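There are 4 protein chains.
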Amino acid sequence: MPRPRSRIGFLGPHATFTEQALRTLPESEDAELVPLPGNPPVLRAVREGGVDAGCVPIENSVEGAVPPVLDGLVEEPPLVIVREAVIPVRFVLLGRAGTTLAGIRSVASHGHGIAQTRGWIAAHLPEAEVRVATSTSEGAAQVARGEADAAVSSPLAAEQHGLEVLADDIADNPGAVTRFVLVTRPGTPPPPTGHDRTTLALTTENRPGSLLGLLTELAVRGIDLTRIESRPIKDRHADYWFHLDCSGHVADPAMGEALAALHRRCDRVRFLGSYPRAVGAPEPVEGVGAPAVPLHGADAAAYRAAAEWLAGVRNGEWT
Amino acid sequence: MPRPRSRIGFLGPHATFTEQALRTLPESEDAELVPLPGNPPVLRAVREGGVDAGCVPIENSVEGAVPPVLDGLVEEPPLVIVREAVIPVRFVLLGRAGTTLAGIRSVASHGHGIAQTRGWIAAHLPEAEVRVATSTSEGAAQVARGEADAAVSSPLAAEQHGLEVLADDIADNPGAVTRFVLVTRPGTPPPPTGHDRTTLALTTENRPGSLLGLLTELAVRGIDLTRIESRPIKDRHADYWFHLDCSGHVADPAMGEALAALHRRCDRVRFLGSYPRAVGAPEPVEGVGAPAVPLHGADAAAYRAAAEWLAGVRNGEWT
Amino acid sequence: MPRPRSRIGFLGPHATFTEQALRTLPESEDAELVPLPGNPPVLRAVREGGVDAGCVPIENSVEGAVPPVLDGLVEEPPLVIVREAVIPVRFVLLGRAGTTLAGIRSVASHGHGIAQTRGWIAAHLPEAEVRVATSTSEGAAQVARGEADAAVSSPLAAEQHGLEVLADDIADNPGAVTRFVLVTRPGTPPPPTGHDRTTLALTTENRPGSLLGLLTELAVRGIDLTRIESRPIKDRHADYWFHLDCSGHVADPAMGEALAALHRRCDRVRFLGSYPRAVGAPEPVEGVGAPAVPLHGADAAAYRAAAEWLAGVRNGEWT
Amino acid sequence: MPRPRSRIGFLGPHATFTEQALRTLPESEDAELVPLPGNPPVLRAVREGGVDAGCVPIENSVEGAVPPVLDGLVEEPPLVIVREAVIPVRFVLLGRAGTTLAGIRSVASHGHGIAQTRGWIAAHLPEAEVRVATSTSEGAAQVARGEADAAVSSPLAAEQHGLEVLADDIADNPGAVTRFVLVTRPGTPPPPTGHDRTTLALTTENRPGSLLGLLTELAVRGIDLTRIESRPIKDRHADYWFHLDCSGHVADPAMGEALAALHRRCDRVRFLGSYPRAVGAPEPVEGVGAPAVPLHGADAAAYRAAAEWLAGVRNGEWT
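These protein sequences, in sequence, are chains H, G, F and B. With the first letter of the first sequence counted as 1, position 143 gets the number 143 in UniProt numbering; the numbers rise by one all the way through. With the first letter of the second sequence counted as 1, position 33 gets the number 33 in UniProt numbering; the numbers rise by one all the way through. With the first letter of the third sequence counted as 1, position 68 gets the number 68 in UniProt numbering; the numbers rise by one all the way through. With the first letter of the fourth sequence counted as 1, position 83 gets the number 83 in UniProt numbering; the numbers rise by one all the way through.
Accuracy of the hints is not assured; some may be wrong.
Only part of the chain F face toward chain H is listed, based on derived beta-carbon distances under 10 Å [said to hold, decoys possible]:
| # | residue |
| --- | --- |
| 1 | V66 |
| 2 | P67 |
| 3 | P155 |
| 4 | L156 |
| 5 | P186 |
| 6 | G213 |
| 7 | L310 |
In case anyone wonders, no lab produced these hints; they're calculated from the structure. Note that the coordinates shown come from a computational prediction; the quantities given were computed from them, not determined experimentally. Every residue, glycine too, gets a C-beta built ideally from N, C-alpha and C.
Starting from the given sequences, assemble the full structure and let the hints guide the process.
As C-alpha cells, then:
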C-alpha cells in the first residue's frame, strides 16, 4: 500500500505568492497542495490535522512582519516552523483582454498587494475603487468573473485566470522580498545544517527580569538576533510577546542552553522552530546583536569539553 | 490683528477615529481641523507647512504598530511628537435606513476597521464584498452616496453621514485601544511633567555595537522601554530601524546623557519627541526593561551633584 | 585492622592561630595534627601526600587576602578547599615571667601579627627591635628560649610555651577575624548544604572576552560574589589570576552551568572547591554582585524543568 | 626672592627602592627629598603639609598591591596621584667587609624584601634569624651599625652604608618590577597626554547595584581596567573598597561621564588621580576589560558632537 501523499495548506486560490513560495520547497514535490481561504485558516488546518503542513508569509522587506501570522503562531496548540523560503515580490496589474487603464473603475487585491502598490495606484488609477480580496489570486479571479476591472497580482495569476498584464513591475519598492515559512505540528526539528535559524516568542509579564536580561542570555552564548519585535498580547494591556529570530539550531549546545535559560526566566517561551536559513534571507548583522568578533568558546566542541571537565570536577575524577 | 488659528491635519473626512482622538487634545480647541486623505499626506502636510501639526495613529493594542506611520516618522525633514492620546476603539456597522444584514452585498472601511472586525464579518456577512476605503469615515460616506451597502466605522460617523447603526460593538477584540500622536516640525519640546515618554528611532548598520549595547545605554541610566520594534529600512536589505518608546524626557539629565550616548554609538538617531504620557497609555513594565527596583542615582538631583563633584575634581577645587 | 588516622598539616609549632582554627573543624577530631614550618610547606605536603589535608589562612578582615596562599593554591597539581573556619583574632603580648614593657628590646611574631599590632608596638615599644618569626607561636618559642624578649601571639601560646601575658587585646583593629581553609587533593566535593561557597581562579590572557563578560556569566545565573582580587601571574607581566569567592556549590545546576561557561571562555579556570560557608564568614552582599532581588529561575527546580522542556523540544515530544 | 624648593617625602633612610624610583621623576630634580620612617608617615606628612608630595610603592609584579598604601590612600583628607614610575627590583645581600655566608646569623630587611627573597634565604641562610626593618635601607643601616649580620637591600644601599655585596640578584622572581606613585593634596590634575591612567576607589555598601553594574558604567564608555582589587573596609565586616586602575584621564569626556555615573551609583567614590602611564607600566589588556575592538563613539570628538546635537534637540534648534 503506497504511503499517502502529504497535504500542505496555503492561501488560495492557486497562483498566489504563497503557492509560488511553497513550490520552491522540496516538501511540495509529492504533496497535495490545498488552497485555503486565509492565513489563519491555514494555521488552523495544521493545528486540527486537516493538513500536514501549511505555508504562510511571515515577513516582508517593505512592510515588516505579518501581524496575523505572528499572532497565530503563538496560539495553542503549538506549531513549529520547519523550513523557510524567501522570494522576490513582483506585482503586475491584470485585466480582461482589451481593458485600458482609463477604463478601470475598480481594482481588487490582497491587503499586502494594495499596500505595496499604493503609490502606483494613486498615480495611475486615482479614481478607481480599491477592494480587498482574500488573496492576490482571488483578486484576479474576481476580475475573471467580471466583479472587478483589474487586479494587483502575481504574474502567475494572469495565466491561471486567463487575464492580460496591463502594467508590469508596479510595486512602489521594486526590490521587495517576502519570507514564507512552512509550519507543522511539533516533531523532531530538521537536522542542523550549520546555517540555521531559530524562531522564538517570549513573554515576561511582571517578573523581575528585563528584556535586557533576556537578550544577555543570548549574547553571552554568542547567539545573534536577526529580528526582534514586540506584539501586544490580546486582552492584556501593556503586556507583550517578544518575537525573535536568532542564529543557530536548538540542537546546538549554545542554543539549547540559551533556550533553557529563557525557559527559566520568562513567563512563557514558545519554541517556534529551528530550520535551515534560506538563500537570500536576512543574515545576522552586527547591529542586531552579533558581537564584533566571534565569541570565544561558543562552538559545540567547547561545550563538550566544558561538560566533561565539569563532570570530572563534580565526581572528583581529576588530578 | 488676532493671531491666526493654528491648523491641524488629520485623516479625513470628519468623524474618523483620528478626529475623535484629536478632539480630546487641548491643541485642537481653537485650531482649524483639516481633513486630509491619508496618514502619509498628514505627515507630508506638516513637513511642507500646509498645516502646523498633524494627528496620526501610531499603535493599536490589537494590531500593534501602524507601519506607514512609523516609516513616515523617520523620513526627512524631521518631525517630532508633542502629545499623545489613547482612545478606546468601538466599531459599529452602519447602513442606510431600512438596510438589513441579509441585504448587504458590500462593506467598506479602512484597512484597520476591516482587520479588527474580520471575525464578525466572516460570521455575519460571509458573502459580502469587502472594500478598502481611505478611512472609516470615508467608508461611511460611500454608503451615504450609495456606493456601498454598509460601513465599519465609528459611532460618530453615523451622525455625520446620516446613517443607521445596524450592529454595535462588532470588534473581534472588544477592549482595543489606539494610541494617536500629534506631530509638528521640530521646536522646543513640551516641558517635562515627571510622567513623560520619549520616542526614538535608531539604526546601527555595520558598526560594531549591538542592540544589546544600545539597550544597556538606557538601562544603566534607569530608563525603561515601553515598546521596541525593528522595521526594515527600505531598499537596504537586512538593515533595520529600531523604534523605541522610553520613559522620561529629553530635558531629564538621565535621558539627555542616554541620547548623547546613542548619538555617539549609532549610525543614526532620530529624536521623535518627548511628551506627557496619556492616561491609559502603556506604562513602563518590568518585562520590557524596568529594573526590579528603581536604579539608585538616576534622578536629576543625583546628576546635578555628580556634575558638581566632577567639576571640582577637574579643576582641583576639592579638599 | 583499624583505619589509619588522617594526617592534617598546619603552620606550627603548636598554639598558632591556624591550629586554633583547625581544632574547630570536625575533620581534626581523630586526626593527627602535623606542625609544618610555613603555609607553602603545608600546601606542598598536601600535594606530595605527606599529609591528607592542610589548614591555611586565606583572608583577614583587616589585611585582606594572604598572597602566598592565593598564589600557592593555583600552582600544580590541583588542590581543593573542602571546609572553612572563621575565627576572631586576639593578639596578646607574651613574655617570660617578670618581664616589664620598659625592659623589652626585641619583639618576635609572624608578619601578620606584626602588621596587625603595628600601632600598639609603635606606641608602647617604640625602641624595640621587631623580628619576623615563621609563626606567632614560633615567636613565643623564641621568647621561651630567651632569643627574644616578647612575642605577639595567641593567648593559647602563653600556656603552650609557659609565658605570661604582658598585655592583652593589642590588635590595632579589635574586631578582626581570619578565614582559614582546609585543603585536600581533588576528590568528590562535600555535599551541598544550601549555604555553600565556591572558590575559583581564572585567567583570560589575550582572549577577547573581558572580566565584565566573565562576571556576567555568574550574574545571569544568579550567583553572587563575596570576594574578587587580581593577582599578577608570576613571570607574565600584566597578566593576572582573578580570584573569586562565589555563593553556591558546584553540584547546583546554576553553578555547574556557570563553571562550564567560564571553562569555555577563560584561558584557565581553577576550581578551588565548594564547601559549606562558616558561621561568621563573609556573606554575599549586594555591593559585590548580588541582584537586588533573587533572580527568577535560578533554583535547581527551574533548571530541571527547563532541561526537561528542552529535551522534549529537541526530540519533538511535546504537543 | 626665589621660590622655595618643594619637599617630597619618601620611605627612608636614603638608598631605598622608593628613593631610587623617586629620582627617576622630573619632580625630584629641584626638590628636597625628605626621608620618613614608613609609607603611612609619608602619606600623613603629605596630608598634614609637612611635605608637598610623597612617593610610595603601590603595586609589585610579584606580590601584588601594597595593602597599607591602598588603605592609606582612601583615608581622609583626600590625596591624589600625579605621577607613576615603574622600576625593576634587584635585591642584593649586603654585609660588612669580610662577612661570609656561613657566618651570617641575622638578616634584616623590609617585609617586601624578605617576602621576595624567602626562597633564596631558606636555601642559603636556613639558620639565620630574619628581622623586619622599616625599609631595606634601614636594614642595611643596621648592618653598618653592627646590629645585624646581613641585609637584603638595593645595590644603592651598599654604597650608601659602606657595605659589600655578598650575593647579587637574589630575588626569587628575577623579573619583578614595582610601581611607585607620587601623591599630593588635591589640585588640578596633570594635563592629559593621551596615554593616561586614572585610579579610583569605590564602595557600594548596601545599595542595590552590583559591582557588575559599576564595571558596566566603565565598559559602555570604552574604559579599560588595568587592576581591580577588593580590600576590606576596616571595622565594617563584609564591606569592601574596590580599588580600580583604568585607562584614560578625568579630563576626557568618556572618563568624566563615567566618574559622574559612579558618583551617582556608589556610596563613596574616591578619585585618586589621573596621570601619565609610565613606560613599562601595566597596559590595559583585553582580559581585564578592554573590548576586542575599540568602542565606537568613545573619543572626545564624538562626545562633543553628541553634546551639540543634544543641545539642539533640547532647545528645538534643528531642522
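Cross-check of the supplied hints:
1. Proximity of V66(F) to chain H is violated relative to the hint, the smallest CB-CB distance being about 24 Å (cut-off 10 Å).
2. Contact between P67(F) and chain H, as hinted, is not supported at the beta carbon level, the nearest pair being about 25 Å apart and thus beyond 10 Å.
3. With its C-beta approaching chain H no nearer than about 39 Å, P155(F) sits outside the 10 Å limit, and its interface hint is violated.
4. The criterion of a C-beta within 10 Å of any C-beta in chain H is not met by L156(F), whose closest approach is roughly 35 Å, and the hint is violated.
5. A least Cβ separation of about 5 Å between P186(F) and chain H falls short of the 10 Å threshold, and the interface hint therefore holds.
6. At a threshold of 10 Å, the smallest CB-CB gap from G213(F) to chain H is about 7 Å, leaving the interface hint in force.
7. Restraint check, L310(F) versus chain H: the minimum CB separation of about 5 Å is within 10 Å; hint holds.
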